[in-house]
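These protein sequence lines map, in sequence, to chains D and P.
In terms of my numbering, the first sequence opens at residue 1 and continues consecutively.
In terms of my numbering, the second sequence opens at residue 1001 and continues consecutively.
Hints are not guaranteed to be accurate.
Claimed, not checked - Computed list of lysine-lysine pairs in DSS-like fashion (alpha-carbon distance at most 25 Å, straight line):
1. D/286 - D/60
2. D/158 - P/1446
3. D/274 - D/285
4. P/1428 - D/189
5. D/201 - P/1446
6. D/285 - D/328
7. P/1353 - D/238
8. D/182 - D/252
9. P/1428 - P/1292
Claimed, not checked - Here are some chain P residues pointing at chain D (derived, C-beta under 7 Å):
10. 1050
11. 1335
12. 1338
13. 1453
14. 1456
Hints listed in this document are in silico derivations from the structure and should not be mistaken for laboratory results.
C-beta atoms are modelled at their ideal positions from N, C-alpha and C, and glycine is treated no differently.
One letter stands for each residue in the lines below.
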Amino acid sequence: MSHTLRRRAVAVALTAVAAGLFVTPANAWEPTRNVEFIVPAGTGGGADQMARMIQGIITKHNLMKQSVVVVNKAGGAGGEGFLDIKNSKGNPHKLVITLSNLFTTPLATGIPFSWKDLTPVAMLALDEFVLWVNADSPYKTVAELVTAMKAAPPGQFKMGGTGSKQEDQIITVALEKATGTKITYVPYKGGGEVAVQLVGKHVDMTVNNPIEAVAQWRAGKVRPLCVFDSKPLAGKEKIAGDLSWSTIPTCKSQGLDIEYLMLRGIFMPAGVPKDAVDYYVELFKKVRATPEWAQLMADGAFNQSFMTGPDYTKWVEAEEKRHRDLMKDAGFLATN
Amino acid sequence: MEGIGDLMGGFAVVLSWQNLLYMVIGIVLGVIIGVLPGLGGANGVAILLPLTFSMSPTSAIILLSCIYWGALFGGAITSILFNIPGEPWSVATTFDGHPMAQNGRAGEALTAAFTSSFVGALFAVIVITLAAPLVASFALQFGPAEKFSVFFLAFCSFVGMGKEPPTKTIAAMMLGFALAAVGTDTVTGQLRLTFGSTELLSGFDFLIAVIGLFGIGEILLTMEEGLSFKGKASGINPTVVWQTWKELPRYWMTSLRSCLIGCWMGITPAGATPASFMSYGIAKRTSRKGDKFGTGEIEGVIAPETAAHAAGTSALLPMLSLGVPGSPTAAVLLGGLLIWGLQPGPLLFVEQKDFVWGLIASMYLGNIVGLVIVLTMVPFFAAILRVPFSIIAPIILVICAIGAYTVHNNTFDVVMMLVFGIAGYFLKKCNYPLAPLVLAIVLGDKAEEAFRQSLLISQGGLGIFFSNGLVSTIMGLGLIALFWPALSNLYGRLTPARPT
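Could you put together the complete structure from these sequences and hints?
If you want it as structure tokens, here you go:
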């Protein structure tokens, strides 16, 4: 296991060094005090893990002279954290890591913020979604599951997910539309809890991120049916028996035309100097070049896209529009 | 018995000078963190987590878990001395711990609290050692309906346990539920009762309510009563530990029951706070001196502390074996495991034997080290009460304010704390009990969430709460606990009135 990883890590590191040669190292701006890294979600979730990992990498590899302080502001489905950033206009010592709640929270609750109140810094990765069922269930393929769902009375199949009117429920609604069935969506507070509820057979299926369910998969407790991406996952390493991340078929190939990826990106308050943004872009490039980061990406089968500048802004803009459409179709928009 | 051999291997890993040093550092830091209200174990561990990335995973988890034990010990100190619970699970400790301190028995109360904590933790570690796989599968049976039944039992075992009229208890509890409903609703994702205010997005934090209601409220009351702690006259008595220890074995039944409640709540995972409340409520019911609870009964300190520590310790089991944290601190530790490259889950016990058994061994040693450290401090802690109130009150106020600020790094919380303090003062003056209010704030939204998740699953049918043996039994216990005071009230009315 660690062998392939190490090799990949070396490869990543070499790429980064090569990239570094073409980047002007002179940075006009540097943090002069502690940098506050806001997580608009609770402790222990995916965004929190990634933020603390980044904090650990920066400390361990001494990538910044000042310290990073991770602060969780989970209130109002993350609205608390984003409002903090919105109200810190011009402060270059604040960062925020996003989930899909950057788009969904203002749409679903009417809490007044939007990504346009923030400065996009970099996309670190995209988190994948996989359709899981309990390993004891008779459904080995998407087709078998869908047939059973169509045969059962509406609402009998239960989907466990994280939060309400967020990514998991959006996918659930898409799934209902694609199959013409009715699914009962049961919201929980965190992804780990959702995975265990599936193992305990309190729900029938989940759309957990890979990292949330991988431990249960390795232990043979849950079964992946398909991944909501346009191409299969990259990880070739064997996880459960002969299966690896790359053996999970895409949902599209199984007749479910649904694609959903979640942004793990970094934003700053509006009105910060461009030099500061450039500084953080360089910082995150260095973070991405470490073996610890490579390990996290492999464990969680992340889609390792990296974007900055206008590309990133354009991507975020399109993504917001897509969420608005998805949420509108699902009837999740705030009414007032 | 394979577990014993593995455990010995674990001790071999832990017993290096370096790891023992981390253990002592962790405990001392943890006690400090536990003493400061607001800066809970979860925050403390989160702040120190990045410092441990360069250590080996085993050393790192020893340091961090010892902070956790230390915080569990430390939470009792301010509860007993100043009626300010440093941690949510030490709220129940204030009920009898603080009256004991007021009666000049602070040393005894502290000794009882620390010793009970140790007993609870030891019991839980033994359970983990012997029955880890079995216990993990028990936890899997807890879906939303089962969780709700546990919360239901916690509320029911609490109704009518105070001296106050039941109507006032229910009024206080309802106020607590209303406060708990403020903020984002998990089930629909909508904002509730925020009235457009962005400050109220995250609702009323339990810690801030507690610091205000208990800490500030207590200071206001004391000020009114003439700027002195009631009956503070207690000399520094270095032998208080031995004297208390001679008494403790008498309460073995309470300890054992509290251990069981604690382990159950830690594993399911409901957490240390309901465990301590439930244990206190049941001890009050079953004790021969039950009617004296709240006036300074040592049993009223033993019950919640034993259960809280047993729950806090056993909460690590579902984290390791299922990847689900049983407490906020466990959630942060879980993040740590992932960063160190360890994957919590069913296979951790098989693949990372050194780490798991090293951690379990460190639970044994960490708690022994912790007990020795805190017990030697008892006379000093007790002596704090000899400082004149006019000096210590402003210090407490400042600590409360800092504590309220650290919860979310938000100055609005400090204002909210003061408002809660004033509210606490008036509630106490009007003889409304604070405990049911606090219980409802801390468990209200969790109970509501579990209730509504259950109804979603059952598509609206209440039958789900009696759909299998496990949930029916717990609900049944809850109903018995609920009607017990009504029945004993009725019985009390039929017998001649006693002056109380």
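Each hint tested on the structure:
1. D/286 - D/60: holds, 12 Å
2. D/158 - P/1446: holds, 20 Å
3. D/274 - D/285: Since the Cα atoms of residue 274 of chain D and residue 285 of chain D sit roughly 17 Å apart, the hinted pair holds (cutoff 25 Å).
4. P/1428 - D/189: Not OK: residue 1428 of chain P and residue 189 of chain D at ~35 Å, beyond 25 Å, violated.
5. D/201 - P/1446: Holds. Residue 201 of chain D to residue 1446 of chain P sits at ~21 Å (cutoff 25 Å).
6. D/285 - D/328: violated, 36 Å
7. P/1353 - D/238: holds, 21 Å
8. D/182 - D/252: Holds, at about 20 Å.
9. P/1428 - P/1292: The given pair, whose Cα atoms are some 19 Å apart, holds under the 25 Å limit.
10. 1050: holds, 5 Å
11. 1335: OK, holds: residue 1335 of chain P within 7 Å of chain D, min 5 Å.
12. 1338: holds, 6 Å
13. 1453: At 5 Å from the nearest chain D Cβ, residue 1453 of chain P passes the 7 Å test, so the hint holds.
14. 1456: holds, 5 Å
Of the numbered hints stated above, those contradicted by the structure are hints 4 and 6, listed in ascending order.
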